[in-house]
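Those sequence lines, one after another, are chains A and B.
Counting in the numbering used here, the first sequence runs from 1 upward without gaps.
Counting in the numbering used here, the second sequence runs from 1001 upward without gaps.
The hints are simulated quantities; they were obtained by calculation from the structure and are not laboratory data.
Among these hints, one or two may not hold up.
As the list claims (entries may be wrong) - Part of the chain A face toward chain B, derived, beta carbon under 7 angstroms:
hint	residue
1	H296
2	P318
3	V375
Predicted model only: the values in this text are computed from it and were never measured.
Heads up, the beta-carbon is just placed ideally off N, CA and C, and yes, glycines get one too.
Number of protein chains: 2
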Amino acid sequence: MSVTAAKGFRAAGIAAGIKESGNPDLALVVNDGPRLAAAGVFTSNRVKAAPVLWSEQVVKGGQVSAVVLNSGGANACTGPQGFQDTHATAEKVAGTLGLNAGEVAVASTGLIGVTLPMDKLLPGVGTAAAALSAHGGEKAAIAIKTTDSVHKTAVAEGAGWTVGGMAKGAGMLAPGLATMLVVLTTDADVAAPDLDRALREATRLTFDRVDSDGCMSTNDTVLLLASGAAAVTPEYAEFADAVRQVCDDLARQLIGDAEGASKDIRIEVIGAADEDDAVEVGRSIARNNLLKCAIHGEDPNWGRVLSAIGTTSAAFEPDRLNVAINDVWVCKNGSVGEDRDLVDMRYREVRITADLAAGSASAVIWANDLTADYVHENSAYSS
Amino acid sequence: MSVTAAKGFRAAGIAAGIKESGNPDLALVVNDGPRLAAAGVFTSNRVKAAPVLWSEQVVKGGQVSAVVLNSGGANACTGPQGFQDTHATAEKVAGTLGLNAGEVAVASTGLIGVTLPMDKLLPGVGTAAAALSAHGGEKAAIAIKTTDSVHKTAVAEGAGWTVGGMAKGAGMLAPGLATMLVVLTTDADVAAPDLDRALREATRLTFDRVDSDGCMSTNDTVLLLASGAAAVTPEYAEFADAVRQVCDDLARQLIGDAEGASKDIRIEVIGAADEDDAVEVGRSIARNNLLKCAIHGEDPNWGRVLSAIGTTSAAFEPDRLNVAINDVWVCKNGSVGEDRDLVDMRYREVRITADLAAGSASAVIWANDLTADYVHENSAYSS
Chain A
1 MSVTAAKGFR AAGIAAGIKE SGNPDLALVV NDGPRLAAAG VFTSNRVKAA PVLWSEQVVK
61 GGQVSAVVLN SGGANACTGP QGFQDTHATA EKVAGTLGLN AGEVAVASTG LIGVTLPMDK
121 LLPGVGTAAA ALSAHGGEKA AIAIKTTDSV HKTAVAEGAG WTVGGMAKGA GMLAPGLATM
181 LVVLTTDADV AAPDLDRALR EATRLTFDRV DSDGCMSTND TVLLLASGAA AVTPEYAEFA
241 DAVRQVCDDL ARQLIGDAEG ASKDIRIEVI GAADEDDAVE VGRSIARNNL LKCAIHGEDP
301 NWGRVLSAIG TTSAAFEPDR LNVAINDVWV CKNGSVGEDR DLVDMRYREV RITADLAAGS
361 ASAVIWANDL TADYVHENSA YSS
Chain B
1001 MSVTAAKGFR AAGIAAGIKE SGNPDLALVV NDGPRLAAAG VFTSNRVKAA PVLWSEQVVK
1061 GGQVSAVVLN SGGANACTGP QGFQDTHATA EKVAGTLGLN AGEVAVASTG LIGVTLPMDK
1121 LLPGVGTAAA ALSAHGGEKA AIAIKTTDSV HKTAVAEGAG WTVGGMAKGA GMLAPGLATM
1181 LVVLTTDADV AAPDLDRALR EATRLTFDRV DSDGCMSTND TVLLLASGAA AVTPEYAEFA
1241 DAVRQVCDDL ARQLIGDAEG ASKDIRIEVI GAADEDDAVE VGRSIARNNL LKCAIHGEDP
1301 NWGRVLSAIG TTSAAFEPDR LNVAINDVWV CKNGSVGEDR DLVDMRYREV RITADLAAGS
1361 ASAVIWANDL TADYVHENSA YSS
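Please model the entire structure based on the sequences and the hints provided.
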């Protein structure tokens, strides 16, 4: 499972003492090759954490031999010291494992605006390196958790090759990307440009379409590493499909574990003039706090869906809009439709279908409800 | 006070039985002239309630002789029937008072997607007409409340003339405009074009800059009526200033009474390249759920401010950003600044100052914190 499901990778997850709780907080993933190809996608937030700035440069070379990830501190908004700390972490990994620091990606997650305890992190790198194992993927996935209630892994099998991965993220999930760290690995023999293409296609349709709370992180990082250890080069489409499957699986796990959520909301926009319109409308619905509260209260308040659609620039006529909640078309032609009492909202998954009646494009966005637990968790996080 | 502070106006507020609670739910404001000049600003939501579509047309003529407002139902997303109901309401007011229906504005607030009980509303118009009084402004303000905990009125005095007003709105406050019904009156002798200009300038800087929960209503209506009864035509600047004062006063009352809020957050963006940048950044901060939760928890979590700024397209360099919370500059040059423990957040008002260090433009946006009470109130509203 996880990042060691594919051959050619070792991983470890240990407690370095970065978290005051003593829980695991440092993960290491090493690509033993023979290929060291890699691609990455990073947050589109313009305020980027030091490890994001570093890893963007590392990935540009198309080769990554190791990834070091820590929870317990985001190393974001930490100034020049933060960047030096990231650099020192990569150097420490490189020195310990005999690698080139320019091929060591770094990822961090936790509170913004706090420098990392390097006196704990650097020795932790040595401990993690000593613990590296071809079965260490699970422990690595555990070590990157922050407020996650469970660790998240996924795998897809090809003919003689595998794509595996791990993710962390529980809140602050929004397009571009979520507050997530994701490492995907494959033993397929795929060159960096194809990895990049497959990863961008997959994230566009998966991680970029989960929107837990509308907030965009400073640290989001998704990496895909290929070892080539299976000595198989799959058809591109087949490979891309496996990458998308793993991303989709992990994205759903992120939504399912979102902070304080009691409902997973699947928003499907249909009848859009084009895909951009469908995504814009889906995100607007996903971010409507009033609707998210209503869903929490199991109230099929379709008026709030229309109100959210009305704030977008998508092509539609208000009196042609149709909305279904759990397949009951409660709004037809912009007005009252089927009886809202027919909507059964007892289950965790709630499906909203918004028909713009303006074309044939569609998109699916996943979101969560807004709950008192979300408020509690996020009003006390740093205290 | 309220809409009858200015001479030439009568008003009433009565219980027509639209609300099941039996609370007041119908207000009437009549302009007895000699002038009947009027201007209006309406929601920019593309899904507009029937009364908005109607009143937009009424106001285009520049003359309004009466405004009828109901709480207990928004008459939004109610199809052709909803528009007929609005039309019938205006006709009923016109017939009862001997006016032209084309000069009767209509405003509604309450649940979306429910048709109004016209069998109660139309007789209510007769009751309200019989109750009209030059001292009825307060009762009118009470009759337009929905989840408001208090009714909201304001007044500004010129030299021999007055601007007064009433507002309702407690949630769904967002730019363009808030979920608000506002009626302003003046006895100054001002023609419709100047009313329009003064009202647009005032709303741009007041109602358009309160953002309680990021949600935009289908029903927002702000009307300004001039009776000319004071027989004074003030200087334009002086008049516009009085209108802005009243709007500012009412806007602050809306934020102060926002659903479930425990904090009013004043977000001032300074050092912006232009005012548009300042407003964009202010709104992004105002809508960040994670920050709103942190403020609720009295946690000066400036990382979430930077994270919100980073999602905008405003001109700034991440490593030049400065952020103060209650005047303590907790973030300097995009990194850790003064000790966050110096920030005292015990009071209801919290001031966030975001310095983009990119110019000299600024803007102020008012927002609220996000609380469990907001979730409770909005998850149960229609049930």
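(request) Could you tell me which of the numbered hints above are not met by this structure, giving the numbers in increasing order? (result) When the structure is compared with the hints, none of them turns out to be violated.
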